[in-house]
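No gaps in the numbering here: position 185 of the sequence shown is 185 in full-length UniProt numbering, and each next residue is one more.
Check the hints yourself; a few may be wrong.
[Claimed, not checked] Each computed DSS-like pair below joins lysine-lysine, with the alpha-carbon atoms no more than 27 Å apart:
| hint | residue 1 | residue 2 |
| --- | --- | --- |
| 1 | Lys146 | Lys180 |
| 2 | Lys120 | Lys75 |
| 3 | Lys180 | Lys141 |
| 4 | Lys6 | Lys17 |
| 5 | Lys51 | Lys112 |
| 6 | Lys17 | Lys120 |
| 7 | Lys46 | Lys120 |
| 8 | Lys46 | Lys143 |
| 9 | Lys75 | Lys144 |
| 10 | Lys75 | Lys6 |
| 11 | Lys51 | Lys120 |
| 12 | Lys75 | Lys146 |
| 13 | Lys51 | Lys17 |
| 14 | Lys46 | Lys141 |
| 15 | Lys143 | Lys76 |
| 16 | Lys6 | Lys51 |
It should be emphasised that the hints constitute simulated quantities derived from the structure, not laboratory data.
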Amino acid sequence: MARERKFTDEELFNATKAMIINEGYESFSFSRLAAILNVSRGSIYKYYENKDELISEFLMYEMNRFLTEMNALNKKGDFQTQFDLLIDFIFQHNNIHQVLEIINQIPSNATKRVEGNKVKLGEYHVDMYQQFQGLIDLGRKEKKIKSHLPTAVILGMVFQTIAIPNHFGISQDEWIASIKEILCHGMFQIE
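Let the hints inform the model, and build the full structure from the sequences given.
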């Protein structure tokens with residue numbers, strides 16, 4: 001008779017996410033993770049050969065969840081409506097790009113499972129990029145986005161702006177509204 005697993009995928013991945021965000025890839029270990037989950041290291045090794053397998057599985061879980069929720073957003077309406085929804089959504093998931101940067105830290109000589117996950121994560125990135133590209137194309141079609149600006153610069157600005165830490169204690173609503181204003185209208189007064 002097989003033993004019952006002492007943790008769920010969600011518990012495992014939530015603990016993994018917290019460790020990665022707070023301590024980074026290098027400090028991540030099965031020993032610390034097992035202590036957080038109050039299980040033995042061996043119970044984690046039953047499912048994952050090493051930390052890279054676990055982290056890549058976590059990244060797949062996180063990206064799949066992100067894309068599923070993103071796909072559920074209302075894609076009707078004009079560019080400004082969709083842009084506002086997307087910015088709000090990204091702020092709800094404001095650590096997604098920090099988490100996904102971890103994949104580049106996983107060594108290239110990883111297991112076949114990890115390499116397969118890295119390929120799938122690449123596909124997820126393409127899917128996410130295509131969705132953003134569609135929104136940018138709509139913005140250009142409605143003449144809301146300047147046609148000469150490269151898409152990569154626009155996406156970089158959006159994601160990097162969202163990653164700015166709020167060290168000043170500005171309310172979340174005011175912070176998001178200010179970032180939207182800067183992204184949409186710039187910071188200079190037009191006289």
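Okay, the hints, checked on the actual structure:
no.	hint	in the structure
1	Lys146 to Lys180	16 Å, holds
2	Lys120 to Lys75	25 Å, holds
3	Lys180 to Lys141	20 Å, holds
4	Lys6 to Lys17	18 Å, holds
5	Lys51 to Lys112	14 Å, holds
6	Lys17 to Lys120	19 Å, holds
7	Lys46 to Lys120	23 Å, holds
8	Lys46 to Lys143	55 Å, violated
9	Lys75 to Lys144	17 Å, holds
10	Lys75 to Lys6	40 Å, violated
11	Lys51 to Lys120	18 Å, holds
12	Lys75 to Lys146	21 Å, holds
13	Lys51 to Lys17	13 Å, holds
14	Lys46 to Lys141	52 Å, violated
15	Lys143 to Lys76	17 Å, holds
16	Lys6 to Lys51	18 Å, holds
Hints 8, 10, 14 from the earlier list are contradicted by this structure; the remaining hints agree with it.
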